[in-house]
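Quick note: the sequence shown uses the numbering used here, first residue 92, plus one each step.
Be careful, since some hints might not be right.
What the hints assert, rightly or not - Cβ pair distances, simulated, as ranges: (1) A266 - Q332: 12 to 22 Å; (2) E135 - G282: 13 to 23 Å; (3) E164 - A144: 23 to 33 Å; (4) V132 - M234: 33 to 43 Å; (5) G282 - R167: 21 to 31 Å; (6) R239 - V326: 20 to 30 Å; (7) R140 - P227: 40 to 50 Å; (8) D232 - Q332: 12 to 22 Å; (9) E235 - E142: 38 to 48 Å; (10) M234 - R140: 41 to 51 Å; (11) R170 - D231: 20 to 30 Å; (12) I335 - D286: 39 to 49 Å; (13) A327 - E267: 15 to 25 Å; (14) M234 - E142: 44 to 54 Å.
Claimed, not checked - Quick list of in silico lysine to aspartate or glutamate cross-link-like pairs, DMTMM-like style, CA-CA up to 20 Å: (15) K204 - E135; (16) K204 - D148; (17) K204 - D189; (18) K204 - D168.
Please keep in mind that the hints were generated in silico from the structure rather than gathered at the bench.
Heads up, the beta-carbon is just placed ideally off N, CA and C, and yes, glycines get one too.
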Amino acid sequence: MEETPCGFNPRPAHQRDLAYAESFSVDIPPSPRYRRRAKGVILEELQRRLEKAGVWDWALEMEVRALWKYGVEPIRDERLRATVARFLGIVPLAFYTDVASKSGRFHPPWQRKRHGTLRSIVESCALLPGWARHIPEILDDRMEPDPRAVDLALAATIVSDVWKKEDAGDVHHGAEHGRVAAERWAPFARGEGLDAETVDAVADASVWHMGLYAPGWTRATVLTPITRLVNFPDVATSLSQLAIVYEGRTVIL
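With the sequences and hints as input, model every part of the structure.
This is the structure we're talking about:
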């Protein structure tokens, strides 16, 4: 079967959801540079897992490609990037399919559809590097963000929302999902050889990624600069009021 630019093997064109395809206002192909970067064993293994579960389709492929473009690949630290990518291969399948808000009270309309949780992370990752310029503790003398701080925040943004729901049974973790994800991340990352400081920084930011609304927060709680960098885009992209000023695109590649 012909390979797509990012290394995925989608269903034949005649089997794709044509209604979904026609909803694109502009079909923007990935750049040659992205085409080279995105191929790899990890993505192929993830695709096979999602295909086996019967959830892989062209729409999900687009969302996963966006996750890699804005979330995974921008992580400069090679070991951290690879660990996050492999972690995405073991998270619940629900992460790839569920809506971001079942109640409809939170998140803009396009995140309350299929793949909504995944989309919310992609959009947070897309905002995060720009937001890093507004966290004074991580800026150097030229007002440039510390690359390591951005790496840790991108990793924590991805980790924080992947365990909202278990695949087995009807188990939803609610506001505790950041803590649950951190508890799954820490032993996995240590097993991948990440140093304790990196593992703990990502876990801590995942636990507190909801900021003032994270379970256990009090006025005495000190949120680290990394955690605040994760929290701000997470809040911004979860506002239902975004629909007033922004029309969600079908795909943001």
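Tested hints:
In this structure, A266 and Q332 meet the distance hint of 12 to 22 Å, their C-beta atoms being roughly 21 Å apart. The hint said 13 to 23 Å for the Cβ distance between E135 and G282, and at roughly 22 Å that hint holds. The hinted window of 23 to 33 Å between E164 and A144 holds, with their beta carbons roughly 24 Å apart. In this structure the hint that V132 and M234 lie 33 to 43 Å apart at CB holds, the actual value being about 39 Å.
A C-beta distance of roughly 22 Å is found between G282 and R167, which places it inside the suggested range of 21 to 31 Å. Taking the beta carbon of each, R239 and V326 are about 23 Å apart, inside 20 to 30 Å as hinted. The supplied range of 40 to 50 Å is met by R140 and P227, whose beta-carbon atoms lie about 41 Å from each other. Range check, D232 to Q332: Cβ separation about 37 Å, and the 12 to 22 Å hint is violated.
For the hinted restraint 38 to 48 Å between E235 and E142, the CB-CB distance of approximately 42 Å keeps it satisfied. For the pair M234 and R140, the beta carbons lie near 42 Å from each other, so the given range of 41 to 51 Å is met. The supplied range of 20 to 30 Å is met by R170 and D231, whose beta-carbon atoms lie about 23 Å from each other. Between I335 and D286 the beta carbon distance is about 44 Å. The supplied range of 39 to 49 Å therefore holds.
Here the CB-CB span from A327 to E267 is close to 22 Å, well matched to the stated 15 to 25 Å. Checked against the hint of 44 to 54 Å, the C-beta distance between M234 and E142 comes to roughly 46 Å, which is consistent with it. About 25 Å separates the Cα atoms of K204 and E135, which puts this hinted pair outside 20 Å; it is violated. Only pairs whose Cα atoms come within 20 Å are accepted, and K204 paired with D148 is accepted, the gap being roughly 15 Å.
Between K204 and D189 the CA atoms are separated by roughly 8 Å; this keeps the pair inside 20 Å, and the hint holds. For the hint linking K204 to D168, the alpha-carbon distance of about 33 Å lies beyond 20 Å, and the restraint is violated.
Going through the hint list in order, the structure does not satisfy hints 8, 15 and 18.
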